[in-house]
Amino acid sequence: MNKTKQNKIIDKCFGFLGIAATLFGLIMLLVFIIDVLSDGLGRINWSFFTSFPSRKPEQAGILSAWVGSVWTMFITAMIALPLGIGAGIHLEEYARKSRLTNFIEINIANLAGVPSVIYGLLGLGLFVRYLQLDRSVLAGGFTLALLILPVIILSTREALRAVPFSMREASYAVGATKWQTVRYQVLPAAFGNILTGIILAMSRAVGETAPLITIGALTYIAFLPQSPIYFSSGFPYLHFSLKGLFDPFTVLPIQIFNWVSRPQKGFFTNAAAGIIVLLGLTLIMNTLAIILRHHHQKKIRW
Amino acid sequence: MVNPTFRITGLDAFYGNKHVLKNINIDILPNAVTALIGPSGCGKSTFIRSLNRINDLILTFRREGKVCYHNQDIYAKDVDVVELRRRVGMVFQKPNPFPKSIYDNIAYCLKVHGIKDKDKIDATVESSLKKAALWDEVKNSLRQNALTLSGGQQQRLCIARTLAVEPEVILFDEPCSSLDPISTAKIEELIHQLKQSYTLIIVTHNMQQAARVSDFAGFFLLGELIEFDKTDKIFTAPKDKRTEDYITGRFG
Ligand SMILES: Nc1ncnc2c1ncn2[C@@H]1O[C@H](COP(=O)(O)OP(=O)(O)OP(=O)(O)O)[C@@H](O)[C@H]1O
Ligand SMILES: [Mg+2]
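If you read the sequences in order, they're chains A and B. Converting from the first sequence to my numbering requires adding 150 to each position, the first position being numbered 1. With my numbering, the residue at position 119 of the second sequence is 116, and numbering never jumps.
The set of hints was computed from the structure by calculation and includes no laboratory data. All values reported here derive from a predicted model rather than from experimental measurement. Mixed in with the good hints, there may be bad ones.
[Said to hold, decoys possible] Below, computed lysine-lysine pairings styled on BS3-like, alpha-carbon distance capped at 25 Å: (1) Lys113(B) with Lys328(A); (2) Lys63(B) with Lys227(B); (3) Lys183(B) with Lys328(A); (4) Lys19(B) with Lys230(B); (5) Lys128(B) with Lys247(A); (6) Lys15(B) with Lys247(A); (7) Lys136(B) with Lys91(B); (8) Lys328(A) with Lys91(B); (9) Lys74(B) with Lys97(B); (10) Lys328(A) with Lys127(B); (11) Lys97(B) with Lys328(A); (12) Lys91(B) with Lys108(B); (13) Lys91(B) with Lys117(B).
[What the hints assert, rightly or not] Partial list, computed: chain B residues near chain A (C-beta under 8 Å): (14) Ile51; (15) Leu56; (16) Arg59; (17) Arg60; (18) Gly86; (19) Met87; (20) Lys91; (21) Pro96; (22) Ser98; (23) Cys106; (24) His110.
[To be verified] The following label-pair restraints were derived from C-beta to C-beta distances: (25) Asn436(A) with Thr145(B): 28 to 36 Å; (26) His202(B) with Pro265(A): 54 to 62 Å; (27) Asp70(B) with Arg311(A): 32 to 40 Å.
We put the beta carbon where it would ideally sit given N, CA and C, even for glycine.
I would like the entire structure built from these sequences, with the hints used as guidance.
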């Protein structure tokens, strides 16, 4: 009798500790968000998005930062998605289990845990110096692509692995080839989870600062990379250009980092506003990922 | 003597180090139903799954000995496994429809073989669903997701899917284990009809079913083929004591 009572008390204690641990994280986050909101919300207006950084805090904006972020994200996605998904499909569906594939698998898992500064150093050596891309948006996009590549490979594989074996059997049994099975059965079934992984990886990339600072992304930029599509008054009116890829750039987190390190109070407010924009962006991406996952789970039950 | 569809000689099968089929020798005759019976875990599924090489997908699976299909060793190097599986269809123990519409489940099987003609696909969807005794229940909901069907309906869809490919052989792995008596009767009737043009192998735990539908029957026990003969012989005058014990229900 005494024993059960004691167990009940222990049970209660653990329950309480668990709640406390959960609340701790939530409360810290809440405090942080409220703090940032109260500091920066008032600063967010249209001109904040359409102005270049400036020496005067009231006139400074995040135009070059968010445009740079969009550029790098686009390049990152163009590189990391096909490579990552392709590698994931190969490793999960095609590669025979061997010592080599084992070795590769372990290393990909390790790569996903390498600190992002190291990727910055790799980018600096490989893209900026060796390939002479300089501190361009292209070098930045490539570096972030390398950074999230292992994450995308891993999440793609996980998504493929979640597709039941019986479905592959069913497809092979009616005489489908491996490619048909992967293309028409496995990939569609895994699509939602793959997409979720991609969005989470991208939302990580959008907030990365260290590797881009390492490759030398500028902290003060008052122009935009040349737009890939632009108009002119003379023939042929519409132009395409990839020159912008080689222009220097900055991104949101670097702009924030730059403002935080300034002494004036006004820049502090700007930093808070920038953080709100960045937070909002990652929040939207994560919500999208959750909605997709949920939607996918509802659509496919096995 | 007709040429056997399958001639299996000295077949041994392993999962890793586990020896699950031991020296199986058997001839499967065309236009006949061969039933395989035996207690759970004796290797019946493993046996029929090695006839269309679907077990190749299991990484630990390994086999020795010969499986000849129309005198061609299906485990030989130059064999086109995709073509083999098209000609040797299979209905699995657990229903495994694709998470697509009923229509697309069947249409997919035709598309993988390059059939794109919409009218032909429509006609095959209807005819194979009719053969599998499912048409009346689903004809108004062909666009419905197949996973919303009941277990028995799913299994009949899987049978329809197999028929749509028009194989020469159909391997049934306990096709009726999740069916009610009415659909079971329909499937048995179907098997009876299919016999005219197909070679059928059916694994079943139901002795009456084996006796009703099959022409030949084989009794497996712990990975060995104990006895193989005409069905009426197996059920009326088995040679082996263990076969007799099993079919009369005196066995574990
Ligand atoms: N993928 C696998 N890996 C390892 N062992 C397996 C695998 N599949 C089957 N086995 C083993 O092989 C033996 C034969 O299995 P099999 O599925 O062929 O039996 P079965 O006669 O079809 O049984 P049931 O009537 O229950 O379906 C069993 O001992 C089983 O545990
Ligand atoms: Mg079985």
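Which constraints among the numbered hints does this structure fail? Numbers only, ascending. When the structure is compared with the hints, numbers 3, 5, 9, 10, 13, 16, 17 and 22 turn out to be violated.
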